[in-house]
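Colleague: Keeping their order, the protein sequence lines are chains A and B. Converting from the first sequence to our numbering requires adding 317 to each position, the first position being numbered 1. Converting from the second sequence to our numbering requires adding 37 to each position, the first position being numbered 1.
Worth flagging that the hints you see were computed from the coordinates, not collected in a lab. A quick note: this is a predicted structure, and the numbers were derived from the prediction, not measured. There may be inaccurate statements among the hints.
[Claimed, not checked] Computed spacing ranges between beta-carbons, pair by pair:
1) B:G186 x A:T426: 30 to 36 Å
2) B:Y183 x A:E392: 54 to 60 Å
3) B:P141 x A:D347: 38 to 44 Å
4) B:Q216 x A:T436: 28 to 34 Å
5) B:E144 x A:Q432: 27 to 33 Å
6) B:L142 x A:L344: 25 to 31 Å
7) A:A346 x B:E138: 15 to 21 Å
Just so you know, even glycine gets a beta-carbon here, dropped at the ideal spot from N, CA and C.
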Amino acid sequence: MPQAKTVLIVDDSRVSRMMARQYITGLHADWVVTEAATGEESLLKAREVAPDLVLMDVNMPGMGGIAAAEQLRQEFPAIPISLLTANVQTATRERAAAMGIGFVEKPITEARIAQLLATLETA
Amino acid sequence: MSMFDLSELENDALVEIFNIGVGQAAASMSAIVHEAVRMSVPSISFIPRAEAARLLGGRDPAGPERICGVSQHYQGAFETEAILMFPEDKSLEIVRLMVGESVPLKELTEMEQEAMCEIGNIILNSCVGTLANIFQHELQGSLPQYHVGTSDEILTATGSGADTVVLMLHIDFLLEKHQIHGYVAFVLDISALHDLKGQINLYIARAMGQA
């Protein structure tokens, strides 16, 4: 049986975190979901829980999602990170690709969350 | 009266570009509320801000409707204040459609402003992001801000002076099952209009294979 995973949701919107959490636990009741509301907090949480996947919003107060993802990438090169953002601009997608991280558009839907989790399910 | 001249071709391109953006916004809105969303073709007018407020204020003889608005400021290829507006009394219903029936009313009311900000963030970014992609030029957005008031109060709060000439891109949309009307407006001042015109001409040149 595949091992339960830990997912870190980073988003300044409580509603978005709530929806992502709801879809993740709906698909995998045994998975652990941790939340951070800023990029800075995501770094602390990642050190604390060593997540298997990080879902990262882009437009947040403080350091923002891209800078936080860059820092996480350096510190934890093996953890998959995906942007989960309303910023659908090509420039943002290209930035994500250059950093070797995923990109999923908001709004958060069950199908999009399922697509993100699929890569972890067999691991 | 037009206060800023666009050629017929420029006007046509502007409507087409915003139409594509609005199509994306409608798709995002539909995914948020889980129902079909119908959006109008954008109407474009160059008008004083006070007239823009009247246009958005509705036709209620009892006075201007109270609106809940989410605005974001964008800069880059051009500068604009993008505003998503709903009648204030529909806001909770929209949030309910977004989060589903399982969230208790008290919690829903507590998260209403935040949820509306996120809805605005998604819809405005899907429209503006499409424009940025078409212009091949990034647009940086601020964090969303929530406002409640008349359209005039909201336009004042989002920084446009009463005598500002604005490009009003006015798009109506309708959530079909719930009969909820909303509006998206983009407000640009004269300097931003010149930048936008430049971007439109680059787009036309690319479309004609000249760039």
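Colleague: Now tell me, hint by hint, if it's right for this structure.
Modeller: Structure-based check of all given hints:
1. B:G186 x A:T426: 30 to 36 Å: With a Cβ separation near 32 Å, G186 (chain B) and T426 (chain A) satisfy 30 to 36 Å, so the hint holds.
2. B:Y183 x A:E392: 54 to 60 Å: The hint (54 to 60 Å, Cβ to Cβ) is violated, given that Y183 (chain B) and E392 (chain A) are roughly 34 Å apart.
3. B:P141 x A:D347: 38 to 44 Å: 25 Å, violated
4. B:Q216 x A:T436: 28 to 34 Å: Since Q216 (chain B) and T436 (chain A) have Cβ atoms about 41 Å apart, the given range 28 to 34 Å is violated.
5. B:E144 x A:Q432: 27 to 33 Å: With Cβ atoms ~28 Å apart, the hint holds.
6. B:L142 x A:L344: 25 to 31 Å: 27 Å, holds
7. A:A346 x B:E138: 15 to 21 Å: The hinted range 15 to 21 Å holds for A346 (chain A) and E138 (chain B), with Cβ atoms some 20 Å apart.
In summary, the structure is inconsistent with hints 2, 3 and 4 from the numbered list given earlier, while agreeing with the others.
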